[in-house]
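Asker: Given the sequences, and given the hints that come with them, work out the whole structure.
One letter stands for each residue in the lines below.
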Amino acid sequence: MSKAILTDITKCIGCLKCVSACKETNNLEMDVPRIWQKNDGLSSENWTSIIQKPDKHYVRKQCRHCLEPACVTACPVGALYKTKEGAVVYDSDKCLGCRYCMMACPFGIPRYDWDEPVPYVRKCILCYDKLKDGNQPACTEICPEGATIFGERKELIITAHCKIKENPGRYINKVWGEHEVGGTSVLYLSDIDLGFLSYQTHIGNKPLPETTAPAMESVPYAFIGMGGFMLGLNWIIRRRMELNKKQVKKEEPSDE
Amino acid sequence: MNRVQNTKLVLWIVTGFAAAVGLNRFIFGLGATTNLTDSTPWGLWIGFDVMGGVALAGGGFVMTAIFYIMKREEFQPFVKPAVLTAFLGYLAVIFGLMFDLGLPWNIWHMIVYWNPHSPLFEVGWCVMLYTGVLLLEFSPVPLENYSRYAKIRNFLMKFRFLFILLGIMLSTLHQSSLGSLFLIMPFKLHPLWYSNILPVQFFISAIALGLMMVSLESLVSHWLYRREPETDLVAKLGKAAVWVLAVYFIVKMVDIILSGDFAMIADGSWEIYIFLTEILISIFIPIIIFAVPRFRKNNKAQWIGSFMVVFGMVFNRINVGGLTMLSVTGDSYTPSWMEITISLGVISAAALVFLFAIEKFNIWELKPHDPESLPHTAPSFDYSSRVWLGTPGVSSLTKYSLAFIMSFAIGMALMPEKKLYGKGIEDIKVSRASGKDTLLINGNRDDNFVEFPHKEHKTRMGEDQCTKCHHLTLPKYQENSCWECHTSMYKPVDFFNHEWHGSDEGANIKCKDCHTAGVIRNIESAKQCVDCHPKYKFSALVNNNLKKYYTLSYTDALHKLCVSCHTLKSMELINKQKLAQCTTCHKSELPEKLNADLKWATTLPHFNSVILPVIDLETNKRDN
Chain A
1 MSKAILTDIT KCIGCLKCVS ACKETNNLEM DVPRIWQKND GLSSENWTSI IQKPDKHYVR
61 KQCRHCLEPA CVTACPVGAL YKTKEGAVVY DSDKCLGCRY CMMACPFGIP RYDWDEPVPY
121 VRKCILCYDK LKDGNQPACT EICPEGATIF GERKELIITA HCKIKENPGR YINKVWGEHE
181 VGGTSVLYLS DIDLGFLSYQ THIGNKPLPE TTAPAMESVP YAFIGMGGFM LGLNWIIRRR
241 MELNKKQVKK EEPSDE
Chain B
1 MNRVQNTKLV LWIVTGFAAA VGLNRFIFGL GATTNLTDST PWGLWIGFDV MGGVALAGGG
61 FVMTAIFYIM KREEFQPFVK PAVLTAFLGY LAVIFGLMFD LGLPWNIWHM IVYWNPHSPL
121 FEVGWCVMLY TGVLLLEFSP VPLENYSRYA KIRNFLMKFR FLFILLGIML STLHQSSLGS
181 LFLIMPFKLH PLWYSNILPV QFFISAIALG LMMVSLESLV SHWLYRREPE TDLVAKLGKA
241 AVWVLAVYFI VKMVDIILSG DFAMIADGSW EIYIFLTEIL ISIFIPIIIF AVPRFRKNNK
301 AQWIGSFMVV FGMVFNRINV GGLTMLSVTG DSYTPSWMEI TISLGVISAA ALVFLFAIEK
361 FNIWELKPHD PESLPHTAPS FDYSSRVWLG TPGVSSLTKY SLAFIMSFAI GMALMPEKKL
421 YGKGIEDIKV SRASGKDTLL INGNRDDNFV EFPHKEHKTR MGEDQCTKCH HLTLPKYQEN
481 SCWECHTSMY KPVDFFNHEW HGSDEGANIK CKDCHTAGVI RNIESAKQCV DCHPKYKFSA
541 LVNNNLKKYY TLSYTDALHK LCVSCHTLKS MELINKQKLA QCTTCHKSEL PEKLNADLKW
601 ATTLPHFNSV ILPVIDLETN KRDN
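First to last, the sequence lines map onto chains A and B. Position 194 of the first sequence, counted from 1, bears residue number 194 in our numbering, the numbering being contiguous throughout. Position 123 of the second sequence, counted from 1, bears residue number 123 in our numbering, the numbering being contiguous throughout.
To be clear, the hints were calculated from the coordinates, so they are not data collected in a lab. Note that this is a predicted model, so its numbers are computed, not measured. We put the CB at the ideal spot given by N, CA and C, even for glycine. Take the hints with a grain of salt, since some may be wrong.
Claimed, not checked - Pairs of lysine to aspartate or glutamate, EDC-like flavour, derived with a Cα cap of 16 Å:
no. : chain 1 : residue 1 : chain 2 : residue 2
1   : A       : K130      : A       : E24
2   : B       : K71       : A       : E242
3   : A       : K38       : B       : D232
Said to hold, decoys possible - Here are some, though not all, of the chain B residues that point toward chain A, as calculated from beta-carbon distances under 8 Å:
no. : residue
4   : A32
5   : N106
6   : Y113
What the hints assert, rightly or not - Listing some non-contacts, in silico: residues in chain A with all C-beta distances to chain B over 12 Å:
no. : residue
7   : S2
8   : V89
9   : I164
10  : G183
11  : D191
12  : D193
Answerer: Now the structure itself:
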């Protein structure tokens, strides 16, 4: 049931049709370079962008829709959540603007409405309204080269591996997003290293929610343990003080 | 008592200044007041106010544990101030958070919508519960002053031990959960700070910090009210802190060695220096000071030692809270003066409440003489102005409110207009070429600079032509852009690829090879094609057009939407080569009437100003 997007870097011609389709579908405004933007083209009004790399490589950046998203774990009120269709979507009514999701994301995807007095977190939502009705997202729908395609995640992974086998030498033998941070719903086939899409080149296969899980699971034990420890300490100290007093009383008459 | 009054005056000034900034934060948003960016979404307010504030409030749970649980009766004078500091610290954290949150009026959502997997959820609940518990712990003190609330007070006193216990338990969770917040960022946080046991490290360091915070606070308030410093008690706290700091150091070092990051110490990046400084300030020097009995019992050494721990540990919180992520995120964040002002303002407000409480309630065994409530018979004059400001109480009130209002007004006046109305549109970086009049303009934000000889422009245009670029009625940053005069900056592509001729990979010829030196560089001053390519034969018509007809490069001209032309337009056209001609689409129409597929691109401002002339392709005649 989990849907996904497979982007083939070698096919992309950098026409930016996906960017304009995204803007149209999600009613995003024109984008002006702002001081708070990172230079990867993403912003609160640009949910997908094309990064130009040397030798005519165009890499489309968008939310990776992780299978176990760090942002969903991070959000204290559950404003971000993963739907069964695979999209990580955002409920602006719940959000309180702590921006912990932006801190947690290993790909640096969520963006903020910095210039608004009432700001929200903005990011690709895999055109969830279209997804619900069984349609595909605007970007994959419009791609003229078939460089970015939509489908079942399992099928896309098989397709990707087939492509690698069928065209030896065309791709690096790796499907980006198959295993990283527990797998993502946006996959890449490429002939260049795509490590620059995340904060570190090698981000490993461990899902990020697992890093906080041990700490969160030990919360009740720490709470009760500390209480017990303090009570025990208090009891021992009081007992010792009582004993001391008794000893002093006993010793006092003997001194006389 | 001047010392107290002057301190209060300064605090009121800072608070007033911050109030103005805070008001602007809510009117114009975070972008207008902070230097936060998409890659640095947490800045000073989280790193210092929240992380540091909570850690500073650690004195509350440490002192209650020492006094009520471990029954060390001699620390009795420290307990009430410590609980008060903790309570005020938490209020300050919540208050400071109100500025940092994007939607602070939604903060109650934390109670309704639950996500128990989130460390921030734990943090939020701990803050709420612990602040409540601290209120219950502390409220018997002010209630002492009012006999009609005796029942409530007695009720609270009955459950005091329970509150204390609950407070310690909640603090344990809260101090450690601030560390858990950063467990989810293993790729961003520098490995020297990132650790799987970050929560444990935070908890241990909070104990040390709590002990030293209580000491520092005792030293400061006793200095302020000219009291005999509690040297012996502070020395005892220092002795305890040595052990805690030693444990903290061992835990930290073992963790770094086990995770294999110790080799990093040698790699010489700036984080290493920060790390060593942090260790030195927060651990080594204080341990030396408080381990040597001669220093431990010395008032000045106590000041230095306790301040170093407090400073070093807050520094640690700032490092974890974002400073050491900067090299990974590739961002350069320095807090704006408005962020710093609000941070200082929150602290000042808390300090004012602290001083108020100390003077009004029985927090110390001997209440300090409140300079404002002393009975006065003779009126005192302000000798600078020769105006009687009223009785001491009234006069200081007048002074404080005046200070507050004045600094509020100054704060309002100092709001940078650009930040507020420019809505943060990025400036094109201009810097001065070293030793020259020339300015370097980084137009494309890619660090490839264009030279702008200012003096040459002045002499060529005439001294009285400044207004052509600089508008006296407009702010400095709204000067004319280059293209408004140099309309021929666009690269002619139909005949000539300018970029290729100039680039290293292309013809690699210098500007002066084609353009005559000392003359404005445009197509008029350039060589003809035939001068370099003698074999090329251009008709007079083409040569004439070359001088008049400029257009954008393909990617600019086609609005970066190559495919909309190649898929849609090419189907309509029989002669597909015509696609290379702009006029195939631009039939002297206004941009609004363009093909729907091109419409999005035409919303870009500078495309609207370019209306291309029509050339009849059959005859190549220009039609004006």
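Asker: Should the interface hint for A32(B) be scored as holding, given a Cβ-Cβ cut-off of 8 Å against chain A?
Answerer: holds, 7 Å
Asker: According to the definition I'm using, a residue is off the interface if its beta carbon is farther than 12 Å from all beta carbons of the partner; does I164(A) meet that for chain B?
Answerer: Non-interface label stands for I164(A): nearest chain B Cβ at 26 Å, farther than 12 Å.
Asker: Is S2(A) truly not at the interface, in the sense that its beta carbon sits beyond 12 Å from all beta carbons of chain B?
Answerer: holds, 20 Å
Asker: Any Cβ of chain B at or closer than 12 Å to D193(A), or is the non-interface label fine?
Answerer: Correct as stated: the minimum Cβ-Cβ distance to chain B is 16 Å, above 12 Å.
Asker: Should the interface hint for Y113(B) be scored as holding, given a Cβ-Cβ cut-off of 8 Å against chain A?
Answerer: This hint holds: Y113(B) lies near chain A, its Cβ roughly 4 Å from the closest one there, short of 8 Å.
Asker: Say whether it holds or is violated: G183(A) keeps its Cβ farther than 12 Å from all Cβ of chain B.
Answerer: holds, 17 Å
Asker: Straight-line Cα separation of K38(A) and D232(B) no greater than 16 Å?
Answerer: At roughly 54 Å apart (the allowed maximum being 16 Å), D232(B) and K38(A) break the hint.
Asker: Closest CB-CB distance from V89(A) to chain B, is it above 12 Å?
Answerer: holds, 15 Å
Asker: Hold the hint about N106(B) up to the distance rule: shortest CB distance to chain A must be less than 8 Å.
Answerer: holds, 4 Å
Asker: Does D191(A) sit more than 12 Å from chain B, CB to CB?
Answerer: holds, 21 Å
Asker: Can the restraint linking K130(A) and E24(A) be considered satisfied, given a maximum Cα separation of 16 Å?
Answerer: holds, 13 Å
Asker: Hint check: K71(B) vs E242(A), CA-CA at most 16 Å. Holds or violated?
Answerer: Status holds; Cα separation ~12 Å.
Checked against the numbered hints listed earlier, the structure breaks hint 3 alone; every other hint is satisfied.
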